[in-house]
Amino acid sequence: MLFLAQMEVVIPHDADPELVEQRKRAEQERAQQLQRAGKWRHLWRVAGRYANVSVLDVDSHEELHELLSTLPLFPYLDITITPLTRHPSALSDAEA
7 MLFLAQMEVV IPHDADPELV EQRKRAEQER AQQLQRAGKW RHLWRVAGRY ANVSVLDVDS
67 HEELHELLST LPLFPYLDIT ITPLTRHPSA LSDAEA
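The numbering used here puts the first residue of the sequence shown at 7, with every later residue one more than the last.
It is possible that part of the hints are untrue.
[Said to hold, decoys possible] Simulated crosslink set (SDA-like; lysine to any residue; CA at most 25 Å straight-line): (1) K45 to L70; (2) K45 to P94; (3) K30 to T76; (4) K45 to L90; (5) K30 to K45; (6) K30 to Q41; (7) K30 to V52; (8) K30 to P78; (9) K45 to E69; (10) K45 to E72; (11) K30 to E14; (12) K30 to T91; (13) K30 to V64; (14) K45 to D22; (15) K30 to H19; (16) K30 to P94; (17) K30 to A57; (18) K45 to A21; (19) K30 to D84; (20) K45 to H19; (21) K30 to W50; (22) K30 to F9; (23) K45 to P23; (24) K30 to Y56; (25) K30 to R92; (26) K30 to V59; (27) K30 to I87; (28) K45 to I85; (29) K30 to V15; (30) K30 to I17; (31) K30 to T86; (32) K45 to T76; (33) K45 to E24; (34) K45 to L77; (35) K30 to F80.
[As the list claims (entries may be wrong)] Ranges between beta-carbon positions, derived for each pair: (36) Q12 to E68: 16 to 22 Å; (37) Y56 to A96: 20 to 26 Å; (38) L25 to H48: 25 to 31 Å; (39) E27 to A96: 38 to 44 Å.
Note that these hints are calculated values from the structure, not bench results. Glycine included, each C-beta is placed from N, C-alpha and C at the ideal position.
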């Protein structure tokens with residue numbers, strides 16, 4: 007199942023800067039791990055914002071929730087999820 011995930015990082019003004027930096031480093035490691043595993047298929051930075059647009063490939067809604075919950079920045083993420091399916095006019099047979 008493919009999902010479009012639009013994620014914006016919203017860090018509280020009173021957050022501990024050291025903790026935030028630790029979470030950022032761990033977030034990068036976790037995102038790369040999920041990409042290598044084929045679960046995080048595409049990852050794009052949104053220019054001018056602390057945000058990304060991603061395509062995730064999971065087996066269920068539950069797996070999607072579990073995957074997102076494991077992100078170190080999850081407590082600071084505002085996430086919008088959109089389920090995706092192949093468009094009938096797409097030239098490629100590949101899902102993503």
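Cross-check of the supplied hints:
1. Between K45 and L70, the direct Cα distance comes to roughly 9 Å. Compliance with the 25 Å bound is thereby established for this hinted pair.
2. Distance check on the hinted pair: K45 and P94 sit about 24 Å apart at the alpha-carbon level, within 25 Å; holds.
3. Taken as a hint, the K30 and T76 pair is honoured in the structure, with Cα atoms around 13 Å apart against an allowance of 25 Å.
4. Proximity of K45 to L90 is assessed by CA-CA distance (about 14 Å); at most 25 Å being required, the pair is judged to hold.
5. Taken as a hint, the K30 and K45 pair is honoured in the structure, with Cα atoms around 20 Å apart against an allowance of 25 Å.
6. Only pairs whose Cα atoms come within 25 Å are accepted, and K30 paired with Q41 is accepted, the gap being roughly 17 Å.
7. For the suggested pair K30 and V52, the alpha carbons sit about 17 Å apart, so the restraint of at most 25 Å is met.
8. A distance of roughly 7 Å separates the Cα atoms of K30 and P78; the hinted pair therefore holds under the 25 Å criterion.
9. With a CA separation close to 10 Å, the supplied pair K45 and E69 stays within the 25 Å bound.
10. Using a Cα cut-off of 25 Å, the hinted pair K45 and E72 holds, with the two alpha carbons roughly 12 Å apart.
11. Distance check on the hinted pair: K30 and E14 sit about 13 Å apart at the alpha-carbon level, within 25 Å; holds.
12. As the CA atoms of K30 and T91 are separated by approximately 31 Å, the hinted pair breaks the 25 Å bound.
13. Distance check on the hinted pair: K30 and V64 sit about 23 Å apart at the alpha-carbon level, within 25 Å; holds.
14. Taking the CA atoms of K45 and D22, the gap is about 30 Å. The hint is violated against a cut of 25 Å.
15. Under the criterion of a C-alpha separation no larger than 25 Å, the hint pairing K30 with H19 is consistent with the structure, at around 16 Å.
16. For the suggested pair K30 and P94, the alpha carbons sit about 39 Å apart, so the restraint of at most 25 Å is broken.
17. A distance of roughly 13 Å separates the Cα atoms of K30 and A57; the hinted pair therefore holds under the 25 Å criterion.
18. Between K45 and A21 the alpha-carbon distance is near 30 Å, which puts this suggested pair outside the 25 Å criterion.
19. Restraint check for K30 and D84: satisfied, since their Cα atoms lie roughly 15 Å apart, inside the 25 Å limit.
20. Proximity of K45 to H19 is assessed by CA-CA distance (about 32 Å); at most 25 Å being required, the pair is judged violated.
21. Annotation: proposed proximity of K30 to W50 holds, straight-line Cα distance about 16 Å (limit 25 Å).
22. Taking the CA atoms of K30 and F9, the gap is about 23 Å. The hint holds against a cut of 25 Å.
23. At roughly 30 Å between alpha-carbon atoms, K45 and P23 are farther apart than 25 Å, so this suggested pair is violated.
24. Proximity of K30 to Y56 is assessed by CA-CA distance (about 12 Å); at most 25 Å being required, the pair is judged to hold.
25. Only pairs whose Cα atoms come within 25 Å are accepted, and K30 paired with R92 is rejected, the gap being roughly 33 Å.
26. Using a Cα cut-off of 25 Å, the hinted pair K30 and V59 holds, with the two alpha carbons roughly 17 Å apart.
27. Distance restraint check for K30 and I87: the Cα-Cα separation of roughly 22 Å lies within the 25 Å cut-off, and the hinted pair is therefore satisfied.
28. Taken as a hint, the K45 and I85 pair is honoured in the structure, with Cα atoms around 17 Å apart against an allowance of 25 Å.
29. A threshold of 25 Å between alpha carbons decides the hint, and for K30 with V15 the separation of about 10 Å falls inside it, so the pair holds.
30. Restraint check for K30 and I17: the C-alpha separation of about 11 Å stays at or below 25 Å, so the hint holds.
31. Taking the CA atoms of K30 and T86, the gap is near 20 Å; set against the 25 Å cutoff, the hint holds.
32. With a CA separation close to 13 Å, the supplied pair K45 and T76 stays within the 25 Å bound.
33. Taking the CA atoms of K45 and E24, the gap is near 29 Å; set against the 25 Å cutoff, the hint is violated.
34. For the suggested pair K45 and L77, the alpha carbons sit about 13 Å apart, so the restraint of at most 25 Å is met.
35. With a C-alpha separation of about 11 Å, the suggested pair K30 and F80 falls inside the 25 Å cut-off, and the hint holds.
36. The beta-carbon spacing between Q12 and E68, approximately 20 Å, falls within the hinted interval of 16 to 22 Å.
37. For the hinted restraint 20 to 26 Å between Y56 and A96, the CB-CB distance of approximately 31 Å leaves it violated.
38. As the Cβ distance of L25 to H48 is approximately 29 Å, the hint placing it in 25 to 31 Å holds.
39. As the Cβ distance of E27 to A96 is approximately 41 Å, the hint placing it in 38 to 44 Å holds.
Hint compliance for this structure: hints 12, 14, 16, 18, 20, 23, 25, 33 and 37 are broken, all remaining hints hold.
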